[in-house]
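Visitor: One-letter residues, chain by chain:
There are 2 protein chains.
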Amino acid sequence: MKNITPLFYFKDHIKIVDQRKLPLELKYAYCRNEQDIFSAIKKMKIRGAPAIGVAAAFGLYLGIKDFNSKDRNDFIKRMEKVIRYLSSSRPTAVNLRWALEEVKQEVLANRGLKIDKLKGLIYNKAVKIMRDDQDRCRRMAGFAFGLIKKGDSCLTICNAGGMATSGYGTALGVFFKAKERGRKFEVFACETRPLLQGARITAWELKQKGIKTTLICDSMAASLMKKGVIKKVFVGADRVTMNGDFANKIGTYSIAALAKLHKIPFYVVAPLSTFDKKLHSGRDIPIEFRNKDEITKLYFKKSIAPSGIGVFNPAFDVTDAKLVTAFITEKGIIKPPYAKNIRKIINGRK
Amino acid sequence: MKNITPLFYFKDHIKIVDQRKLPLELKYAYCRNEQDIFSAIKKMKIRGAPAIGVAAAFGLYLGIKDFNSKDRNDFIKRMEKVIRYLSSSRPTAVNLRWALEEVKQEVLANRGLKIDKLKGLIYNKAVKIMRDDQDRCRRMAGFAFGLIKKGDSCLTICNAGGMATSGYGTALGVFFKAKERGRKFEVFACETRPLLQGARITAWELKQKGIKTTLICDSMAASLMKKGVIKKVFVGADRVTMNGDFANKIGTYSIAALAKLHKIPFYVVAPLSTFDKKLHSGRDIPIEFRNKDEITKLYFKKSIAPSGIGVFNPAFDVTDAKLVTAFITEKGIIKPPYAKNIRKIINGRK
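Those sequence lines, one after another, are chains A and B.
The first sequence begins at 23 in this note's numbering and counts up one residue at a time.
The second sequence begins at 23 in this note's numbering and counts up one residue at a time.
Bear in mind the hints are in silico, worked out from the structure with no lab data behind them.
Worth double-checking, as some hints may not be accurate.
All copies of an identical chain are treated as equivalent in the list; a pair is satisfied when it fits inside any one copy or across any two copies.
Below, computed lysine-lysine pairings styled on BS3-like, alpha-carbon distance capped at 25 angstroms [claimed, not checked]: (1) 49 x 64; (2) 300 x 201; (3) 37 x 285; (4) 64 x 136; (5) 314 x 249; (6) 231 x 314; (7) 324 x 126; (8) 282 x 249; (9) 65 x 319; (10) 43 x 324; (11) 300 x 248; (12) 103 x 49; (13) 324 x 229; (14) 319 x 231.
Same shape as in the complex, but just chain A:
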């Protein structure tokens, strides 16, 4: 099966699939400097926690590749400036900061090298982060696909697929693996208002892989749960805190609470780069609020609401750890108690 990937790297530019146009148009954004990457992340041409981490790492490379002094301290300063800039493109997903920190540590550990070497190091590290991300996705899928039983209907929200990662995906990776292994099952995809990543990207990815998919409005999930149709929920995450609370696309908390009410297992599929060792609980996660036009104008064009109406548009919500049946990471499945078991798996990581 064809791999679905949101980003292609070259020595002098990065080519990004403009996901705002999917699935009707396959258009690319060509990023030649850190501003282009910043803008692609902020405007959500590229989105998905692992994918924006990878994009940021390449953005850092683009931001230092033309540095032309021989002063290593200036180089480090320049790198740190670009890191601060790229970190500020979106606030919620921690993978963005994680990836930039990974690159930075690599440079600091090799700061004795010549600047040209350091530039190559950064490029190679970005490539490695991207490749590792795909490997992690496949490992997570390997741990989780067995959770899907013959005849299951699974629910997902937003896009946690190839386009949200370096390829393959977190939650959708589990579906892809189950399909590869010949499991018969189907997926209900929440359209995911306001930006419709479910209708546009998830439905498109699942269809390409030949998985039976039904698109629903977000408000229909509860009704399907009540009828007993939905057997499992799989979602991605933008940030997981040390007690197991996590932020993900707005609407995730609603689904998690309803899944609990209807006794449906709820799984979060996220690499350890999504876990924030610095945050104790979901209350600490910064939530991004986005432009009201995302809601009042369909596709930023056709107005659907009266002018001047107030709008509340958080991009994410926070789901309590107690609603999560298990986290699936590249190091294995984490079950409650999360406060203990997340630490255990993270500390065993390095």
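Add chain B to chain A, keeping to what the hints say.
Guide: Frame of chain A, contents of chain B only:
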């Protein structure tokens, strides 16, 4: 304050606000026969359980006004044929059938009259149903507005306002009355996918009445409940069964379940014409499934999903009686146990 009404009646035609165009365009559909009314209801130019009841009553008049035989039996047969036809325009809201039955009983009780008199009787009965509906809305609002306390944030879904009734509204009528009485409060309006009646019509009605309104995507309600923002929920209904289960716009069950979880009072505002004496429980309510284009094409124009994707598009869901704090009717507030108390209020009705 200006009254908001979806329908204007004349002797030879009915003028209906085409609600699919609101709020950006105020366009009218001119209905000159029963087919025009059938189409206006089916295509949702007019929608809302009480409003389609009123439209159907006028549709019956348009369907018999040109009857030109003097045979009263043929007239009755013609009337019954038009009733069957109009009843089939939409399946879930019981007010449609209730209004047609009201007109029919009026005719049958006066079948000795000349056919021209019977035609006048039907017209006058349709006018009376419309006027009574407004009175009922105001009575319900009178019973319920006291439930809104100073500083409350209330949540609603879909449009249960002037446009869903003969004017004033069911759930929104409660807000209008609270505003008229000088209560300070605010409303969060769910946009209500797929047809966005909340974003388009509810937000527009509330804004016109000067009520502080914030528009949200349906998936955001849970997050606001978790934060403790939402203090009460008010919704309308399309059909209430004798045990207190009820059908309303898809997404209502989700909100009701989440309100219960967050210990938020959940009120259903519906005239007794919405109660179906023939149905025992929500399992018996026929649910309408609508065209997939409502979901895959925004505003029936711009495709947002991959072509050929499966779609599940129920127009309504059913909420269990146990999730309802109280029903507000024109005869007063009904509290649990509903199986007993609904019968009591309905039997005291005639």
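Visitor: Next, verify each hint and record whether it holds.
Guide: For each hint, the structure was consulted:
1. 49 x 64: within (17 angstroms within a copy, 38 angstroms between copies)
2. 300 x 201: Answer is neither; intra-copy 37 angstroms and inter-copy 47 angstroms both fail.
3. 37 x 285: Neither way: residue 37 and residue 285 sit 43 angstroms apart in one copy and 49 angstroms across, limit 25 angstroms.
4. 64 x 136: Neither. Shortest intra-copy (33 angstroms) and inter-copy (73 angstroms) distances fail the 25 angstroms Cα cut-off.
5. 314 x 249: The answer is between: 20 angstroms across copies meets 25 angstroms, while 34 angstroms in one copy does not.
6. 231 x 314: Between copies only: 22 angstroms across, 34 angstroms inside.
7. 324 x 126: neither (43 angstroms within a copy, 44 angstroms between copies)
8. 282 x 249: both (15 angstroms within a copy, 19 angstroms between copies)
9. 65 x 319: This pair counts as both: shortest intra-copy Cα distance 16 angstroms, inter-copy 23 angstroms.
10. 43 x 324: both (16 angstroms within a copy, 12 angstroms between copies)
11. 300 x 248: between (38 angstroms within a copy, 24 angstroms between copies)
12. 103 x 49: So residue 103 and residue 49 fail the 25 angstroms test inside a copy (30 angstroms) and across (55 angstroms) alike.
13. 324 x 229: between (28 angstroms within a copy, 20 angstroms between copies)
14. 319 x 231: The answer is between: 23 angstroms across copies meets 25 angstroms, while 32 angstroms in one copy does not.
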